[in-house]
Amino acid sequence: MLRFILTRVSLIIPTFLGITLLAFFLIRLVPGDPIETLAGERGIDPARLEELRKVYGFDQPILVQYGIYLSRVLQGDLGKSMITQEPVLSEFSALFPATIELATCAILFALLLGLPAGIIAAIKRNSIFDHGVMGISLAGYSMPIFWWGLILILLFSVQFDLTPVSGRIDVLYYIEPITGFLLIDTLLSDEPEAFWSAVRHLILPTIVLGTVPLAVIARMTRSAMLEVLGEDYIRTAKAKGLSRFRIVALHALRNALIPVVTVIGLQIGVLFTGAILTETIFSWPGVGKWLIDAIFRRDYPVLQGGALLLGVVVMSVNLLVDLAYGLINPRIRHTR
Amino acid sequence: MALVEIENLSVEFPTQGGIMRAVDGVSLRLEEGEVLGVVGESGSGKSVTMLALMGLIPFPGRVRADKLAFNGRDLLTISDKERRQITGKDVAMIFQEPTTSLNPSFTVGFQLTETLRLHEGMDRKAAERRAVELLGQVGIPSPESRLSAYPHQMSGGMNQRVMIAMAIACNPKLLIADEPTTALDVTIQAQILDLLISLQKERNMGLVMITHNMGVVADTAQRVMVMYAGQIMEERSAVDLFASPQHPYTAALLAALPERSEGGRLATIPGVVPGLYDRPKGCLFSPRCAYATEHSRNVRPDLRAWAGGHIRCHYPLGDPNRNAEIQHDHPVGTEAAS
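So the sequences go chain by chain: V and H. Using full-length UniProt numbering, read the first sequence as starting at 1 and increasing by one per residue. Using full-length UniProt numbering, read the second sequence as starting at 1 and increasing by one per residue.
Everything labelled a hint here was simulated from the structure, so no lab data went into it.
Each computed DSBU-like pair below joins lysine-lysine, with the alpha-carbon atoms no more than 35 angstroms apart:
hint, chain 1, residue 1, chain 2, residue 2
1, H, Lys125, H, Lys173
2, H, Lys89, H, Lys201
3, H, Lys81, V, Lys124
4, H, Lys89, H, Lys67
5, H, Lys67, H, Lys173
6, H, Lys67, H, Lys281
7, H, Lys67, V, Lys124
8, V, Lys124, H, Lys89
9, H, Lys201, H, Lys125
Please take these sequences and the hints and turn them into a complete structure.
Okay, structure coming up:
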């Protein structure tokens, strides 16, 4: 087990370097000088431009710039935002809870609906329910997130006025950030309505962000379950006289979950990608929207730092999922 | 009262090409403590017959019978719940592949105690004590430490012992062993067979031994049922059947045994078991039978009492008039024609 963890952790180093390389060079391929963008429409005095380029080190050869950047990163310095002059790390940690909150709700939404739907579809194979679930999940999987988000806003917010259009909470409330997670902070505050306001704001973004993982989990659960239900040990379980519920919920599900957990791990990356779009659509103040803004402003340090931090988070979550995989699959646990 | 009473059992599977009849009119009685060998080639319906008795025919298979009773209870009319109280308790089954028949995600102890807790209502402690006892009885060394082992940590032979322990956990009246030794090493095969037979004697339980190995049957069974293409071909006491097989199919199976070979080339049965599309009109074995006639190719023989058992053949080997009858019915088979 220890060796398994060490192998996985050692893989993080090349991935980490890869992310710094990609983030650093890709943003420099985007046309537009960061200083000129910073100066805005009125332009900037050429002498001042040169001076500022020196300050930020943009006058150096690009490889030297990368070397300096990398050595700073290794010392834990992700730089400061060119716009706000705040350290990238502190901006990230202020905004990240909002993204985590949204992503957690989305994956819970996907699991709570996707697992039962997949299981029932497998048990009632070729029934109307099965075809319905598989059809809807294929549609959900193919749905462009931005379009789906806008449709939901038009329908539920604009047409029926059931949910707010954007944001995390009504502007009426001021909630002191304690954990950064609004669902918790509002409960800690003395305004109980604030919690429900936060919940209402979460509904649509959760659905939009959770749709693709929901579709993937439902389909994966169904196919894994179908495969497992045909196994010899299910026949053994029936031959023992166990109830149908026990056979499905214990003997089959335990084995069917093994591939599903892998897929859930892969969905974490998808979730953060989706969060960037979802947060933009719903003006959700998380890291996704922060990164999009950074692209428009050519805020190099924020983009590089943000991509790096998100990458580390995705890798860590995947590592945890792999460890969980060992927990539910004894055959993995016992191989060195 | 017989332990098992089956009358005219049929199991059908609808397929794309039509209805596949896996079991065709099988009738069977089994007394308490009796050992029955069920022999036949792959696809002869021997496993499916027993799966039907267990209620384990997978969807979309259909089971039909005039009578299907176990220990005096009519299995055709009782509810699923009542049936589950019998299955795994009074009648248990072990399978061909021990390693895939155990759940890879649960320990041996969990899978063993599960049956005890369900059917005997034991608490965890009592079930574990009993499980250790059972593992000891089936010859697993240091049974206490095996409770926490997973199936993939043990050999196929050990896993089959665990399966047997699971099956006998609730003192079943009938144990069905579906090719229990096919997937095991030859040395282990003999051990498992010995174990099954000694358990059967100790507990006086009924034992159905499904196999395609005539040798296994000769060693273990009191009575033998030979199946072919879903039908019973011959059913007699083991001693009689091995001494003087009455059905040409049984005789051909015995002739194909290496230990019965008299030197020279080993006898084989030409052709294959009929499938969905080439099911003969007459006797199902007639296309491969050395004694087939125009009559046997067109008229299907009924199962009838013969020589202390039952046989489904127009021309039983022990019938003194058979040569004359075969000649009269226009022989087409290789042996009879010559």
